[in-house]
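Peer 1: Dock chain U with the ligand against chain B, hints included.
Those protein sequences? They're chains B and U, same order as listed.
The first sequence begins at 0 in numbering that gives the first Met the number 0 and counts up one residue at a time.
The second sequence begins at 0 in numbering that gives the first Met the number 0 and counts up one residue at a time.
A portion of the hints provided could be inaccurate.
[As the list claims (entries may be wrong)] Listed next, with one range per pair, are the computed distances between beta-carbon atoms:
#1 G192(U) x Q194(B): 44 to 50 Å
#2 S35(U) x D17(B): 35 to 41 Å
#3 S193(U) x A127(B): 42 to 48 Å
#4 P128(B) x S193(U): 55 to 61 Å
#5 E37(B) x V11(U): 32 to 38 Å
Hints are computed from structural coordinates only; laboratory data are not their basis.
We put the beta carbon where it would ideally sit given N, CA and C, even for glycine.
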Amino acid sequence: MKLAELQMRFQAGIVEDDNAILASIADSRRTDRATLFEVYHDAYRLRLAEFLSNDFPVLRVHIGEEAFGRLVEDYIESAPSRQPNARWYGTRLPDFMQETAPWRRNRSAIDLARFERALSDAFDAPDAPISTIDALREICDEDWPRLAFEFHPSVRILDLENGTAQIYAALAEEEEAPATQQGEEAFIFWRTDGQSFYRPVADDERMAMMEARRGKIFGDICALLVFQRNDTGVTQRVAGFLSQWFADGLVTRLSLSD
Amino acid sequence: MLERIRNTYPIVMHGVSMSIASTAPLDFDYLRALKSLASRFQPAWISDHLCWTGVHGVNLHDLLPVPYTLEALDHVVDRIRRVQDFLGRRLAIENVSSYVTFAESEMDEWTFIRELAERADCWLLLDVNNVFGSSFNHSFDQASFIGAVPADRVVQLHLAGHSEAGTHKIDTHDQPICEEVWSLYHEVCPRFGSISTMIERDDNFPPFDELMAELDRARAVAACARIPAQGAAA
Ligand SMILES: [Fe+2]
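So that you can see chain B by itself, here it is in the shape it has in the complex (with noise of 0.2 Å):
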């Protein structure tokens, strides 16, 4: 048999349970074949399953061990793995639960799957240079409605179901968890001096967030929620979440378009 053949029913009896490979594999004088090939079988099994339980050890104590073995479970019947990063296998997880049944139902869980996976992804992302507030300092103050701003590959922007940052930190700490209420809440993750970091961000803060994000200048985006919430105070506010920004490490780069 060719070796492309031999490794293409190799894979198909590890992801697909296809015995066909058992032809081309001798007993050993203490056991037989097909215990042999499980052991390859089962590894590749508990390897995606510590993989899952490495970037969800929340969501596993949050649902239960029983609910996450079958998930898991779902998880790897689903789709074999591409990743050559052990990292990146469980990513598709939150998208998973929420097409799939029985675990499109819970929103709570999809939600807090969500939550841990923007930890992981902040924890990951690429490196860029973080600029300071100086940087604000030197724009004179013509120029401030032209401002344009590039952000830390960590970041990102969530919205969650009330209530599931403060299951992540009750579990995360062993605490007795509280029940989501409804509505949304949007977050904010991100990666400062190698660990990740989240907090609450208000409507108008997301808004300006999400636009700046886009390549809207300071003047668009100030009058975009002047508009929104009828408000004159909007440009004081929107300053201040600028400064929030740098200091939280946001931020990598301030230009000025033309």
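Peer 2: Here is chain U with the ligand on its own, set in the frame of chain B:
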């Protein structure tokens, strides 16, 4: 952090993702990243395993065995040569623990490895625990394996612990090094002279003192193996 370590110590790069024996195309994105990392850190060598990790875009996250056939030998030799050309340096190829013997195999593992090293002109990394585990799993003689390995090509030895499954031994890197592996290490050390040894431990970590004790023991074995060699040279 790696830069700080590199400033004080020599480093080597040891990988599990090259999939050198796969029939899937070589992953040049991976090789480019590897090459740029190597140019930054100037490792003493880059090693990976004589194995494949998947085909058709799938990754099985394992070091899967090859059949020891002429076809596989040609294939792997060609791939090692291409990777070495691309990286501009020799690779060190490591023997893995395997659990199955292919009916297709036409030669012993050690013949395959010796041929491969000569023809690809690569270095070798000899994992002592993998020789021990595979010799148990496939009932071959450890001495035949060790004796066939071209000593001048071996740049490093690995020591590790494994799990017992009764009828076979599984390379899990989560146990202390067993006595049989220590004694095999004792036997092989004089043959390879003063080369580096690495202890692999990936999981189920004991207190730091116990790891240090294993390291001290490995140093003692290696040092005692060097004495007669140095005496002969003097
Ligand atoms: Fe090894």
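Peer 1: Hints first: check each against the structure and report whether it holds.
Peer 2: Results of checking the hints against the structure:
The hinted range of 44 to 50 Å is satisfied by G192(U) and Q194(B), whose Cβ atoms lie roughly 45 Å apart. Taking 35 to 41 Å as the suggested C-beta distance range, the pair S35(U) and D17(B) conforms, at roughly 39 Å. Separation of S193(U) from A127(B) is about 44 Å and conforms to the stated range, judged on CB atoms against 42 to 48 Å. Here the CB-CB span from P128(B) to S193(U) is close to 44 Å, at odds with the stated 55 to 61 Å.
Taking the beta carbon of each, E37(B) and V11(U) are about 34 Å apart, inside 32 to 38 Å as hinted.
In summary, the one numbered hint that this structure violates is 4.
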